[in-house]
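I would like the entire structure built from these sequences, with the hints used as guidance.
Residue numbers (UniProt numbering), protein chains in the order written: chain Z, 1 to 699; chain W, 1 to 699.
Quick caveat, the hints were computed from the structure, so don't treat them as lab data. Hints are not guaranteed to be accurate.
To be verified - Once the Cα atoms are required to be at most 30 Å apart in a straight line, the calculated DSSO-like pairs of lysine-lysine come out as:
| hint | chain 1 | residue 1 | chain 2 | residue 2 |
| --- | --- | --- | --- | --- |
| 1 | Z | Lys453 | W | Lys453 |
| 2 | Z | Lys252 | W | Lys252 |
| 3 | W | Lys370 | Z | Lys157 |
| 4 | Z | Lys453 | Z | Lys252 |
Values in this document were obtained by computation on a predicted structure and should not be read as measured data.
Number of protein chains: 2
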Amino acid sequence: MVARDFPDLSRLLSPRSVAILGASERPRSVGSDTLLNLAEHSDFDGQIFPVNPGRERVHGLRAYSAMSALPGPVDVAVVCLPADAVVGALRDCAAAGTGFAVVFTSGFGETGDEGRAVEAEMAEIARQSGMRIYGPNSPGLSNINRRLGLTFSPVFKNDTLGGGIGLVTQGGGLGRAFIQASERGIGVGLWCSTGNEADLTMADVVYHMVGDPDIKVIALLAEGFRDGPRFLAAARAAARAGKPVVAMKVGKSDYGVAATRSHTAALAGSAAVTSALFRQHGIVEVEDLDELIDTVALFERVGIAPRRGICVYSFSGGTAALAADMVGSAGLILSELAPGTRAGLRALAPSYAAVDNPVDLTTQVFTQDKLNRDCLSLVARDPATDVVLLPIPADYGPITDRSADDMVALAPDSPALLLPVWMSGHRAAGYATLNAAGLAPFRSLGKAVTALKRLIWRGDWSPSGTSTLALPAFPPGELDEAAAKAVLADLGLTVPEGRVVTSARQAGEAARGIGFPVVLKALVPGLLHKTEAGAVAVGLMDEQALAAAWGAMMTSLSAQGHRLERALVERMEQGPGVEVMAGLHRDPVFGPVVSFGLGGVMVEALSDVTHRAAPFGRDEALAMIDEIRGRALLGPLRGRPGADLGALADLLVILAALGARGDIAEMDLNPVRAGPAGATVLDAVILRAPTEIEGKARQ
Amino acid sequence: MVARDFPDLSRLLSPRSVAILGASERPRSVGSDTLLNLAEHSDFDGQIFPVNPGRERVHGLRAYSAMSALPGPVDVAVVCLPADAVVGALRDCAAAGTGFAVVFTSGFGETGDEGRAVEAEMAEIARQSGMRIYGPNSPGLSNINRRLGLTFSPVFKNDTLGGGIGLVTQGGGLGRAFIQASERGIGVGLWCSTGNEADLTMADVVYHMVGDPDIKVIALLAEGFRDGPRFLAAARAAARAGKPVVAMKVGKSDYGVAATRSHTAALAGSAAVTSALFRQHGIVEVEDLDELIDTVALFERVGIAPRRGICVYSFSGGTAALAADMVGSAGLILSELAPGTRAGLRALAPSYAAVDNPVDLTTQVFTQDKLNRDCLSLVARDPATDVVLLPIPADYGPITDRSADDMVALAPDSPALLLPVWMSGHRAAGYATLNAAGLAPFRSLGKAVTALKRLIWRGDWSPSGTSTLALPAFPPGELDEAAAKAVLADLGLTVPEGRVVTSARQAGEAARGIGFPVVLKALVPGLLHKTEAGAVAVGLMDEQALAAAWGAMMTSLSAQGHRLERALVERMEQGPGVEVMAGLHRDPVFGPVVSFGLGGVMVEALSDVTHRAAPFGRDEALAMIDEIRGRALLGPLRGRPGADLGALADLLVILAALGARGDIAEMDLNPVRAGPAGATVLDAVILRAPTEIEGKARQ
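Pasting the structure below:
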């Protein structure tokens, strides 16, 4: 995906001329508030064209009867009209050569099929005219760094801080909550709320922010992705630019999926797939709004940098212990303070202070002027310490105020990142001091540690390469298990030695050739749950058992209206191994996605499966294998040799390449026996993608 | 455990006479601040006896040269002396007939073995004299409901709110943070910080609070349990009294364990065992200080009541969707609004409002006076709705202030619990309104849902009964696998049919009697890792295979210096089944604990194990089985019949009864084959508890 796939949004975000359709003077109306926000509460010095057929002037500005009456094309037309007037207005805007239309109006895709059809019409207007549409059902956008808003929000005038955070949302309320972190010195520079995304999507806005030099970190509050692959392309662009993306995704439960659908018509997609693809693309995922704000603020302050060595520094022993405990529980590392640091602390600090990490200097450290500052300065310069975590459990008045002053004094030149946590609900002077100095403290110790864990994760993350494989084409026709396994063997994967037979006699011959024990599997077109249907017999030790199994299978199948005409006789795989699964499907949001997890009954019982967007390379495949919860089962374990992870990775890379090729709708290899000397596919289902002609025929 | 095991703490918590050893006028000294807190900042109207051999008067009060100089015994002596003077002072206090001694001084158990020995001396003074000791290394206690503090905290004078929360901590800083939630109207009535617990422990304080009618909920911030079984007894008393206990436990990671040890000398114990025992005893566990505060405040407001039907009500669609999503992700239930509720909302609310749950009325609901209040009132009276979750994403000025007013107006008579969440950092008038009205809003949506989940969990929890089983005594001598299995069979458990043999010939005879396939296991004293040592052969199909296995085992064992003199020949268990494990050990903190989880290699690979304090009954055993992550593997699954859970539960109840009996040090049944028709113990290790004589002989 290259830049030309993404539109240049500069005319939208920094327009020189704006028409407001439905401009009005009615108090608290969208048409009035939007105009006032632009005319009175912003630094906008371009032209404003109120469009209202019933008025000469609106809020003192000359009004126009229609878009066609304007002196020339405008950069942006803001549509503040009732739902039934929107499409007509968009056609007028397009005809007038408008660059971008912003549609606030709701009542489209979020209301059902009819509304979705109207949005399709909007998209078609955009496609044909080249005018891009932002919305509908959008609360607009605020380019706070330029003090310019295309929004009806009555509190826009309060948005004055600005900063390096680019915020992308679909709705308004949660974004507004983020904006209000300005009180803590956390400044959003550009906020775009894309609504129902009939045309422009979050992907377009993210891509713009990647190229915006004022934006240092991108915060995403997503209900769903209108165009998953383009979003991933924007995420890859962010990764290439070294710009962190922190995302919160609504729609992890059925309730959330249904609610987002009725809010911004968003298709939520699978939460597990989304999370895995975020990881694949270096997107830092958070779970709540407060986490989004704090984590984004941290990235704005620090950028992308691995900072692994954490020193906990407090004047409360219990708090220091709790913080250390949380660092450990999160799998993070307490730095081992250098002997010089410890000796320095020991020389300075009260005798009963703890000068190992976690450092607990007790409140006595504040009985002497500058003592706390000197001690903190030592820790901040400790060679093994990248981050000093500074939990302040409670407001102790002068003590905690002084503690905050010390942090502010040392922070600018501190080699280690100073990370304060203000745990008390008391917002004392010290709290304000930290916020004013750009050290906006965390308010929850656990969330501070979680944010730090995410910072470290992103610092360690790097994009992995993609393999390109030349894979053989598939033969025509439906692929039953035998054909599917032949295809897999062609691809270089290992399947059990086996033969297709049409009678018990042939089965016996085949088994003798292969060697007992064998497995017998009926090949019956359209039969899905083979095991439940009695169409699989395993562990057949000799010809007698095989013949008996054939007979039983005939009886069982005929009782279900099937006939046993073809079957697969396979070598029974034995020896050490763990059952895993590997799959490929076309995700409705993100396109081709490869899955990997524990196999057999464990897939359903433990849901221990991870995902990646295809294609990807071997490193990514190994990362997939490493991230399942049951990774340890792949060994080595209790003296048992480990599974051949390289062979598993190769298998996943082949699936990924197939996914990118596009001729497979779904592929389910389950179980795959992961043994010490390779991975053997024991069962396989392959469904082709419908070709274009077939696809049309089905409609 | 009965009440007489717990001391009456009323003289400690509401003393009529207090001696202060080390009373002083030196500014900011412990001896001065403690005296001033008692004399000037509290409602204490009893007698204060400063004890200081060097002074006539301290802060205007007559001072005494020693405890022996006092006119009579005092309820409490507060020890503000250097560490080396403490034990002598305690002896003096005891000799003077003091009821309770409070020791602030630190520098004991938290510093190492020597300090721990001094604490043992203190405990002995308490035991011999009957004077109970609180501390050392304690910041004291604050009986805020009585405006009385035995503490040197310079901010004690600010602790004026009081309330129904009993707070138990070991250190000071984190408790202080909790106290400062008073700003939000969250009132701690009694705060005890027990320090190193040389004598009195958290269990004593918890038990007192159970009986204190002013305390409605007990908040526990524990670093470790000095006396686990007594703590559990206090928790059982709280459950009987219907008083909720909410606990946060530090020490989940190695860092935390080490840090708490050096802070209050606490033995942290296993986090997994602690959490499981909390669940068993109805203790609500939280993960962070802010969660502790919010969850405790919720219980104080609501008490223990199952409130399952949740309605999300917001004026922001994205926020409503996020809240609904979180409710679903937490496994909680959105109430299905009654037709009357929906029709009522539809009639009142703006046309594009969402009147299904989640309810999103949009900010338009505030354009008419009383409209929001009328709508909220409808939802609050909906028959299926127990809780209305009210997320307020941002400060919208008058809108959100009015929203808060509406909640406050409706809350007193609302059948449903109104649960506001103030997500913005802006602390607007509405935020203050909610706090002042006792509706202290959550500040994090996710944490609100988590707290609600815990409220519902506790509402559903009930104590389970305990089984008493008459179990046969064990035979004398060491129990090898064969003897252990004989013991288990005696207890009524199922073990594979098997015979002990001493030669290959006997093995063959035994196998013929049992029927092939068989398992051969060497019985070698002191050999632990049998599989790795080649001392186990499974799946032996015939005599030839058995003889070969015997030969190979002889060779393998003799290469390791062992001899194959005895072995166990067992029927090879086949058919469907899942490997689980069951165990019994004596936990260093809590005593006999039974464990259950997935077995075989899965124990190590997935750590999917849960625990219970012994003894317990069948309901608790079934709850254990239900709470492992891999529960679904026990089926039914994919048409495979489920495991016989009743048999597993019986097995666990037998282990629990054995644990209570006390003659087993450790018992490890792993794997146990859980099949559809019973549970078969495939391998067993039983270690006896050392008898008292043996135990002493080992020392």
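Now the hints, each set against the structure:
For the given pair, lysine 453(Z) sits about 26 Å from lysine 453(W) by alpha-carbon distance, which is consistent with the 30 Å threshold. A distance of roughly 28 Å separates the Cα atoms of lysine 252(Z) and lysine 252(W); the hinted pair therefore holds under the 30 Å criterion. Pair hint lysine 370(W) plus lysine 157(Z) holds up; C-alpha atoms about 27 Å apart against a cutoff of 30 Å. For the proposed pair lysine 453(Z) and lysine 252(Z), the alpha carbon gap of about 22 Å is at most 30 Å, so the pair holds.
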